[in-house]
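So the sequences go chain by chain: E and F.
Per our numbering, the first sequence starts with residue 1, numbered consecutively.
Per our numbering, the second sequence starts with residue 1, numbered consecutively.
Mixed in with the good hints, there may be bad ones.
Said to hold, decoys possible - In silico DSBU-like links for lysine-lysine, alpha-carbon gap of 35 angstroms or less:
hint, chain 1, residue 1, chain 2, residue 2
1, E, Lys176, E, Lys15
2, E, Lys176, E, Lys4
3, E, Lys108, E, Lys46
4, E, Lys108, F, Lys128
5, E, Lys108, E, Lys92
6, E, Lys108, E, Lys174
7, F, Lys91, E, Lys46
8, E, Lys174, E, Lys92
9, E, Lys46, F, Lys128
10, E, Lys46, E, Lys15
11, E, Lys108, E, Lys15
12, F, Lys91, F, Lys128
13, E, Lys92, E, Lys46
14, E, Lys174, E, Lys46
15, E, Lys176, F, Lys91
16, E, Lys174, E, Lys4
17, E, Lys15, E, Lys174
18, F, Lys128, E, Lys174
19, E, Lys108, E, Lys176
20, F, Lys91, E, Lys108
21, F, Lys91, E, Lys174
22, E, Lys92, F, Lys91
23, F, Lys128, E, Lys92
24, E, Lys15, F, Lys91
25, F, Lys128, E, Lys4
26, E, Lys46, E, Lys176
Please keep in mind that the hints were generated in silico from the structure rather than gathered at the bench.
Here the structure is a predicted model, which is why all the values come from computation and not from measurement.
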Amino acid sequence: MAAKIGDPAPNFHLKGVDGQFYSLESFQEFPILVLIISCNHCPYVKAYEDRMVAIQRDYLDRGVRLVAINPNNEITHPEDRFENMVIRAREKGFNFPYLRDEAQDVPKALGARFTPEVYVYDRDRRLRYHGGIDDNYADPNAVTRHWLREALDALLEGRPVPQEERPVVGCTIKWK
Amino acid sequence: MKTPMTTTPGKASEVSPPEAHPKRQSPGTSPRALSLEEARARVERMVHRYVERGPYRLYPDPVRVEAVLEGLARNLAQYGRMYCPCVPIEKSLEAGRHYVCPCVPHHEDIARQGYCDCALFVSEDFWKQEEERRRGSQDR
Chain E
1 MAAKIGDPAP NFHLKGVDGQ FYSLESFQEF PILVLIISCN HCPYVKAYED RMVAIQRDYL
61 DRGVRLVAIN PNNEITHPED RFENMVIRAR EKGFNFPYLR DEAQDVPKAL GARFTPEVYV
121 YDRDRRLRYH GGIDDNYADP NAVTRHWLRE ALDALLEGRP VPQEERPVVG CTIKWK
Chain F
1 MKTPMTTTPG KASEVSPPEA HPKRQSPGTS PRALSLEEAR ARVERMVHRY VERGPYRLYP
61 DPVRVEAVLE GLARNLAQYG RMYCPCVPIE KSLEAGRHYV CPCVPHHEDI ARQGYCDCAL
121 FVSEDFWKQE EERRRGSQDR
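Chain E on its own, in the form it takes in the complex:
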């Protein structure tokens, strides 16, 4: 069942590329939590990685924490193995936790289907935005609507999110 606006965030206990384990409680100091179902191999994710780093850089001091979660089947997609996540995070300079969800529990709880797929939670960990990062995966210079940034700005300024659900463009999650 797909997560609906207002639904609570799923809890998790997942290993990050830094070797630490993270749960929802790990981020309780952040008013806004952004879960991004992500992975290593997907060309759409690769197109967005720099933008994810930029968004985290721009919003960290404003109380926003991005967390990327990779749930893909590593047997069919060995590029998504944990050791490759460590390498990718280092090479791209990820400034956010990048977690491995081998049991695929988080996307199942959310009804997620694609990578990257974004879920933004408020201080009460209620879903306030679900969808894509922006309207142009192929060309960051041709983006006309920065959906995730718009949602974050609205939440931080105490305004309603302009559109709480946006289309998701990406690869399908590789289920076991």
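With the hints as your guide, set chain F onto chain E.
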């Protein structure tokens, strides 16, 4: 059954794939490079005919369909074949016909989860479920 195709928004004439890669000509492809517009027309023709033939439908989200069509067109224009945009291009280039749309695994993927790896083609059952879900969320 005909399904309306969406048009390409934004910069239709530019090809800027997520990763730069030397262009390789695959066997059986046209020697003349296609423009993005030409590639897009071919992709739409192929997808349209494939859906008309059945038994699959297009994913019931026009934004998703548009993104996949655009990705297929970019790969056709750059690499000479309609490689799946959801597969790293290096993998596609090594695998011959395997990831040329409609890809070899798509029947198995649709049988297992209702949609192909790109979620471009879906089963009739999946399409109906999605339509019901969409109607249900609109009624709220």
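Now for the hints, and whether the structure bears them out:
1. E/Lys176 to E/Lys15: Status holds; Cα separation ~19 angstroms.
2. E/Lys176 to E/Lys4: holds (24 angstroms)
3. E/Lys108 to E/Lys46: holds (23 angstroms)
4. E/Lys108 to F/Lys128: holds (21 angstroms)
5. E/Lys108 to E/Lys92: holds (27 angstroms)
6. E/Lys108 to E/Lys174: Distance ~12 angstroms between E/Lys108 and E/Lys174 Cα, so the pair holds.
7. F/Lys91 to E/Lys46: Within the cut-off at roughly 15 angstroms; holds.
8. E/Lys174 to E/Lys92: Roughly 23 angstroms separates the two Cα atoms, so the pair holds.
9. E/Lys46 to F/Lys128: holds (32 angstroms)
10. E/Lys46 to E/Lys15: Holds: E/Lys46 and E/Lys15 sit about 21 angstroms apart, inside 35 angstroms.
11. E/Lys108 to E/Lys15: holds (18 angstroms)
12. F/Lys91 to F/Lys128: holds (33 angstroms)
13. E/Lys92 to E/Lys46: Holds. E/Lys92 to E/Lys46 sits at ~10 angstroms (cutoff 35 angstroms).
14. E/Lys174 to E/Lys46: Roughly 16 angstroms between the alpha carbons, so the hint for E/Lys174 and E/Lys46 holds.
15. E/Lys176 to F/Lys91: holds (20 angstroms)
16. E/Lys174 to E/Lys4: At roughly 22 angstroms apart (the allowed maximum being 35 angstroms), E/Lys4 and E/Lys174 satisfy the hint.
17. E/Lys15 to E/Lys174: holds (19 angstroms)
18. F/Lys128 to E/Lys174: The hint holds at about 22 angstroms.
19. E/Lys108 to E/Lys176: holds (12 angstroms)
20. F/Lys91 to E/Lys108: Answer holds: F/Lys91 to E/Lys108 is near 28 angstroms, not above 35 angstroms.
21. F/Lys91 to E/Lys174: holds (16 angstroms)
22. E/Lys92 to F/Lys91: Distance of about 21 angstroms is within 35 angstroms: holds.
23. F/Lys128 to E/Lys92: violated (40 angstroms)
24. E/Lys15 to F/Lys91: The hint holds at about 28 angstroms.
25. F/Lys128 to E/Lys4: Between F/Lys128 and E/Lys4 the Cα gap is close to 20 angstroms, so the pair holds against 35 angstroms.
26. E/Lys46 to E/Lys176: holds (22 angstroms)
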